[in-house]
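K.L.:
Sequence:
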Amino acid sequence: YDRLEIDLHLETGESVNGITYFASGDNPNYLGHAETSDIAQQIFGASGPSGDNTEYVFRLEQTLGEIGSPDDHVTDIANQLRQLKN
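One point on numbering: in my numbering, the residue at position 14 of the sequence shown is 14, and numbering is uninterrupted.
Be a bit skeptical, because a hint or two may be false.
[What the hints assert, rightly or not] Mimicking EDC-like on lysine to aspartate or glutamate, the simulated pairs with C-alpha atoms at most 20 Å apart in a straight line are:
id, residue 1, residue 2
1, Lys85, Glu66
2, Lys85, Asp38
3, Lys85, Glu55
4, Lys85, Asp52
5, Lys85, Glu35
If you're looking for bench data, these hints aren't it; they were derived computationally from the structure.
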(Lines of atoms letter the chains of each structure in order from A and count residues from 1; the text may use other names and numbers.)
(Lines give C-alpha, C1' and ligand atoms only; values in the text may rest on other atoms or scores of the structure.)
Protein backbone atom coordinates (compact mmCIF):
# COMPACT_ATOMS: atom_id res chain seq x y z
CA TYR A 1 0.00 0.00 0.00
CA ASP A 2 1.11 3.53 -0.71
CA ARG A 3 0.92 6.05 2.13
CA LEU A 4 -0.38 9.35 0.78
CA GLU A 5 -0.49 12.70 2.55
CA ILE A 6 -3.57 14.64 1.47
CA ASP A 7 -5.34 17.91 2.23
CA LEU A 8 -8.68 17.39 3.98
CA HIS A 9 -11.33 20.08 3.68
CA LEU A 10 -13.59 20.05 6.73
CA GLU A 11 -17.22 21.16 6.90
CA THR A 12 -16.05 24.14 8.97
CA GLY A 13 -14.09 25.38 5.96
CA GLU A 14 -10.80 24.52 7.65
CA SER A 15 -8.15 22.53 5.77
CA VAL A 16 -5.96 20.01 7.60
CA ASN A 17 -3.33 17.49 6.57
CA GLY A 18 -4.35 13.84 6.52
CA ILE A 19 -2.94 10.44 5.67
CA THR A 20 -4.62 7.77 3.60
CA TYR A 21 -3.49 4.45 2.17
CA PHE A 22 -4.05 3.33 -1.39
CA ALA A 23 -3.46 0.01 -3.10
CA SER A 24 -4.07 -0.86 -6.71
CA GLY A 25 -4.45 -4.27 -8.26
CA ASP A 26 -0.82 -4.34 -9.36
CA ASN A 27 0.42 -4.03 -5.76
CA PRO A 28 1.55 -7.47 -4.46
CA ASN A 29 -0.07 -6.72 -1.07
CA TYR A 30 -3.47 -5.86 -2.56
CA LEU A 31 -6.02 -8.44 -1.50
CA GLY A 32 -8.99 -7.04 -3.43
CA HIS A 33 -12.52 -8.19 -2.61
CA ALA A 34 -12.19 -10.94 0.00
CA GLU A 35 -13.93 -12.60 2.91
CA THR A 36 -13.62 -10.87 6.27
CA SER A 37 -11.59 -13.77 7.67
CA ASP A 38 -9.08 -13.48 4.81
CA ILE A 39 -8.77 -9.72 5.32
CA ALA A 40 -8.18 -10.20 9.05
CA GLN A 41 -5.59 -12.91 8.40
CA GLN A 42 -3.63 -10.60 6.09
CA ILE A 43 -3.78 -7.74 8.61
CA PHE A 44 -2.85 -9.91 11.60
CA GLY A 45 0.85 -9.58 12.36
CA ALA A 46 1.43 -7.11 9.52
CA SER A 47 2.93 -3.69 10.06
CA GLY A 48 4.08 -0.76 8.01
CA PRO A 49 5.54 2.73 8.29
CA SER A 50 2.62 3.86 10.45
CA GLY A 51 2.81 0.93 12.86
CA ASP A 52 1.02 -2.31 13.65
CA ASN A 53 -1.91 -2.96 11.30
CA THR A 54 -4.00 -4.79 13.91
CA GLU A 55 -3.79 -1.83 16.28
CA TYR A 56 -4.66 0.50 13.39
CA VAL A 57 -7.91 -1.41 12.80
CA PHE A 58 -8.76 -1.30 16.51
CA ARG A 59 -8.14 2.46 16.63
CA LEU A 60 -10.16 2.97 13.44
CA GLU A 61 -13.09 1.03 14.88
CA GLN A 62 -12.94 3.03 18.11
CA THR A 63 -12.67 6.40 16.38
CA LEU A 64 -15.53 5.67 13.99
CA GLY A 65 -17.70 4.82 17.00
CA GLU A 66 -16.66 7.98 18.82
CA ILE A 67 -17.63 10.22 15.91
CA GLY A 68 -20.97 8.44 15.46
CA SER A 69 -20.07 6.65 12.23
CA PRO A 70 -19.58 2.99 13.15
CA ASP A 71 -18.78 0.75 10.20
CA ASP A 72 -20.02 -2.84 10.30
CA HIS A 73 -17.28 -4.08 7.98
CA VAL A 74 -14.52 -2.53 10.10
CA THR A 75 -16.14 -3.97 13.25
CA ASP A 76 -16.34 -7.44 11.66
CA ILE A 77 -12.64 -7.29 10.76
CA ALA A 78 -11.76 -6.05 14.26
CA ASN A 79 -13.73 -8.93 15.80
CA GLN A 80 -11.90 -11.43 13.58
CA LEU A 81 -8.59 -9.90 14.67
CA ARG A 82 -9.59 -10.24 18.33
CA GLN A 83 -10.24 -13.93 17.75
CA LEU A 84 -6.84 -14.35 16.10
CA LYS A 85 -5.14 -12.63 19.05
CA ASN A 86 -6.69 -15.11 21.53
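K.L.:
So, for every hint listed, does it hold in this structure?
P.N.:
These are the hints, each one checked on the structure:
| no. | hint | result |
| --- | --- | --- |
| 1 | Lys85 x Glu66 | 24 Å, violated |
| 2 | Lys85 x Asp38 | 15 Å, holds |
| 3 | Lys85 x Glu55 | 11 Å, holds |
| 4 | Lys85 x Asp52 | 13 Å, holds |
| 5 | Lys85 x Glu35 | 18 Å, holds |
Violation of the numbered hints given earlier is confined to hint 1; every other hint is satisfied by the structure.
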